[in-house]
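In the order they appear, the protein sequences are chains A and B.
According to the UniProt record's numbering, the first sequence is numbered sequentially starting from 1.
According to the UniProt record's numbering, the second sequence is numbered sequentially starting from 1.
Heads up, some of the hints might be wrong.
Note that identical chains are pooled: a pair holds if it fits in a single copy or bridges any two copies.
Stated by the list, open to error - With a straight-line cut-off of 20 angstroms between C-alpha atoms, the simulated DMTMM-like cross-links for lysine to aspartate or glutamate are:
1. 364 to 347
2. 306 to 219
3. 65 to 183
4. 87 to 362
5. 373 to 187
6. 305 to 219
Hints listed in this document are in silico derivations from the structure and should not be mistaken for laboratory results.
There are 2 protein chains.
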Amino acid sequence: MPTQVTVSAPVNIAVVKYWGKRDTSLLLPTNSSLSLTLSQDDLRSTTTVRIDALFNKDRLWLNGKEEDATANKRMVRVVQELRAVRKELQNKDSSLEALDEQKMHICSENNFPTAAGLASSASGFAALTFGIAHALGIADKISTADLSRLARQGSGSACRSLFGGFVAWNMGINPDGSDSVAEQVADEKHWPDMEALVLVASDARKDTPSTAGMQLTIETSDLLRERIANVVPQRMSDIKTAIVNKNYDAFAEHTMRDSNQFHAVCLDTFPPITYLNDVSRAVIHLVTAYNNLFTEKSDNAASSKKGYRAAYTFDAGPNAVLYVRREHVPEILAIVNATFPAPADADKQTYLGRAAQYVGQEDKTVVSDLLSKIKMAPMPQGSLKRIISTSVGDGPRVLGWNSEASLLLDNGLPKRTV
Amino acid sequence: MPTQVTVSAPVNIAVVKYWGKRDTSLLLPTNSSLSLTLSQDDLRSTTTVRIDALFNKDRLWLNGKEEDATANKRMVRVVQELRAVRKELQNKDSSLEALDEQKMHICSENNFPTAAGLASSASGFAALTFGIAHALGIADKISTADLSRLARQGSGSACRSLFGGFVAWNMGINPDGSDSVAEQVADEKHWPDMEALVLVASDARKDTPSTAGMQLTIETSDLLRERIANVVPQRMSDIKTAIVNKNYDAFAEHTMRDSNQFHAVCLDTFPPITYLNDVSRAVIHLVTAYNNLFTEKSDNAASSKKGYRAAYTFDAGPNAVLYVRREHVPEILAIVNATFPAPADADKQTYLGRAAQYVGQEDKTVVSDLLSKIKMAPMPQGSLKRIISTSVGDGPRVLGWNSEASLLLDNGLPKRTV
Chain A
1 MPTQVTVSAP VNIAVVKYWG KRDTSLLLPT NSSLSLTLSQ DDLRSTTTVR
51 IDALFNKDRL WLNGKEEDAT ANKRMVRVVQ ELRAVRKELQ NKDSSLEALD
101 EQKMHICSEN NFPTAAGLAS SASGFAALTF GIAHALGIAD KISTADLSRL
151 ARQGSGSACR SLFGGFVAWN MGINPDGSDS VAEQVADEKH WPDMEALVLV
201 ASDARKDTPS TAGMQLTIET SDLLRERIAN VVPQRMSDIK TAIVNKNYDA
251 FAEHTMRDSN QFHAVCLDTF PPITYLNDVS RAVIHLVTAY NNLFTEKSDN
301 AASSKKGYRA AYTFDAGPNA VLYVRREHVP EILAIVNATF PAPADADKQT
351 YLGRAAQYVG QEDKTVVSDL LSKIKMAPMP QGSLKRIIST SVGDGPRVLG
401 WNSEASLLLD NGLPKRTV
Chain B
1 MPTQVTVSAP VNIAVVKYWG KRDTSLLLPT NSSLSLTLSQ DDLRSTTTVR
51 IDALFNKDRL WLNGKEEDAT ANKRMVRVVQ ELRAVRKELQ NKDSSLEALD
101 EQKMHICSEN NFPTAAGLAS SASGFAALTF GIAHALGIAD KISTADLSRL
151 ARQGSGSACR SLFGGFVAWN MGINPDGSDS VAEQVADEKH WPDMEALVLV
201 ASDARKDTPS TAGMQLTIET SDLLRERIAN VVPQRMSDIK TAIVNKNYDA
251 FAEHTMRDSN QFHAVCLDTF PPITYLNDVS RAVIHLVTAY NNLFTEKSDN
301 AASSKKGYRA AYTFDAGPNA VLYVRREHVP EILAIVNATF PAPADADKQT
351 YLGRAAQYVG QEDKTVVSDL LSKIKMAPMP QGSLKRIIST SVGDGPRVLG
401 WNSEASLLLD NGLPKRTV
């Protein structure tokens, strides 16, 4: 009897950024990081793992295309480590089937296009790790922290996608990476009105891959040391407090400052890495001008009222993620759409996720007043390719053990190929 | 008899950037800086100063438009200090006319448009300081270093425009600013084949003014401290050595790294300051790809050969200045023109300075080969507004004492107004 399970895992977007590895083999970072897990209702990697005595080799399909399952060293290591856990169990209980000796077929798909500009390796490796653990029957013998540690070895930020809600990845200090693992700061129900808008910029230019980029930053940036030694440790502490207290102003300011500083150390790299383009700059300008409308400045900085309504963050590309509160989403979408008009050949923006339900819900008088105060000339039509609207969500899910949920046919080959 | 003199002063473009004041009144910087003085044959501020017993107040015209001579506090201070030097001389020698009590008319023009994206305050305040000193008959009683110190109080970087060639502005340590003054590292004849290309980007967006921007960086950037304390002191020392030894590779790498780091601390400012736009990024990309063609990489970093051919630097705006050696100018102009094609309604780029003499002098086979290796898609037509080509030049010049050179008519009013 083959064992087959289908799981899904979420995307996460960091507000304190991971950039730089102190160990490139174990994927140990130079600083801790913190992310929000986005809802799998909108964005997810789905993976089916099937273990079958009839299979003669491990096989892997990603988004309908077969990959060489032995070529990806990081994946091979994750699979090996999970099989070793199973082997240990079998050694203790001889009634258990030797699943560790059977080959597996893994089929994984993202429901978001690569062009969405969302890194798929985090959700992909989280789903892979979670799925294999379930298929091997060891999921209840291994803690989520241990799964997180394994997923980290596949793709650093994957360790954060093993948890829902607000997730810290503690860099750890042990050379073997045993303490470099994610933990939940607060679950997905803690701050229920926290939402995310992904603004996908139109930009064909190929960016520096993040793996190569972050090592170049370590080798050449004089400013990274200061960030690692002094800025991030304090920020991790401060943003955790902000999250626990649901202090949006503090959360927003740390989020924006950390994104800015991550891109600053990229620019301080030699040759420089420049992920932010003119569309990104315009998003920063728009969010800054919008927030300023609700900020009461005072000569005494301590008595200034911030009143932030949106916080931008940019990963290794030009796309913005805005963390906002649900009550402001219709207004913010309207302001974004006015400043970044849809392509000339489309009558509206392309939406993914829950954005469509908010469109048109804004108070048009309020929006018109805000836009007149923001005074920003619209960007060229089609500067944004799509807008994805989602919320904070839970950790990986088991979707089912039967063939209905499966991405594989009964013969162990994918239902869909390209 | 009125005293009248006409002078010119040069533009300077820093390779180690000044950004941040430790004293906003005396214009004392948070770090030392170093610039190259550009040739006045191509780019200059020209100033006529006339002192006349018949004038009833100080008056000032900038680029043909009268300004309130008492409103510019920084200018008032420079004028006062120079009059005080004259007064002291008169006290010692009663035969001297009391020029310090007579009013002056100052008329100043730049030969480059504001839209050239070159800061005019450095050359303008240098010409003003130099011109007034001559008109007051104290130019031979005051050292160039003292003039530099006075010009600094008008506009920080003006202190560097009092010297030709390669000029360091030492930040100093004295609270009164007495040791915060420029000095010549090497004169304009030292490295005769050093040339500059100014690539002026088309961008209507108004940038953050540098005076406000630099103070915001001091208040909010966590990375600026590291730059000030550790990076710039070492870089000043290293780039002086590179200049003295005419080591272009070392000069070029420090120039590019310092520009990158200056823009990195701007991005680390909150809210962030983003001067580099997509045209700037494309220039960085082009220069990096071009330089890479002449770089021999080795596993042993020490034995890698750099072979740089161009070094970019960006001030507080999107325009690039490339420091290059004369032999490469035709080739570089051809590569720039291929990557940044002229506007659709123009058959060629708009040139200022000596660029025209280089156009068409390139080896077309070599350029075609370089472009095929650089593999960069051309930017939209008209992304560059103009190209200015010039060399390293001398310090301020006295153009004449007679009415021919003067910007003022015999009646003390400007020849040209707008």
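_I want to check one pair: residue 306 and residue 219. Are their C-alpha atoms no more than 20 angstroms apart within a copy, between two copies, both, or neither?_
This pair counts as between: shortest inter-copy Cα distance 17 angstroms, intra-copy 37 angstroms.
*Could you figure out if residue 65 and residue 183 sit no more than 20 angstroms apart (CA to CA) within one copy, between two copies, both or neither?*
This pair counts as neither: shortest intra-copy Cα distance 33 angstroms, inter-copy 65 angstroms.
*Which holds for residue 87 with residue 362 at a C-alpha limit of 20 angstroms: within a copy, between copies, both or neither?*
neither (57 angstroms within a copy, 69 angstroms between copies)
_Homo-oligomer pair classification [residue 219, residue 305; C-alpha up to 20 angstroms]_ = Cα proximity of residue 305 and residue 219: across copies only (18 angstroms, versus 40 angstroms in one copy).
*Is the C-alpha distance from residue 373 to residue 187 at most 20 angstroms within one copy, between copies, in both cases, or in neither?*
For residue 373 and residue 187, neither the intra-copy (37 angstroms) nor the inter-copy (51 angstroms) Cα distance is at most 20 angstroms.
*At 20 angstroms max between alpha carbons, let me know whether residue 364 reaches residue 347 within a copy, between copies, both or neither.*
Classified as within: same-chain Cα gap 19 angstroms, cross-chain 47 angstroms, threshold 20 angstroms.
Checked against the numbered hints given earlier, this structure breaks hints 3, 4 and 5; the rest are met.
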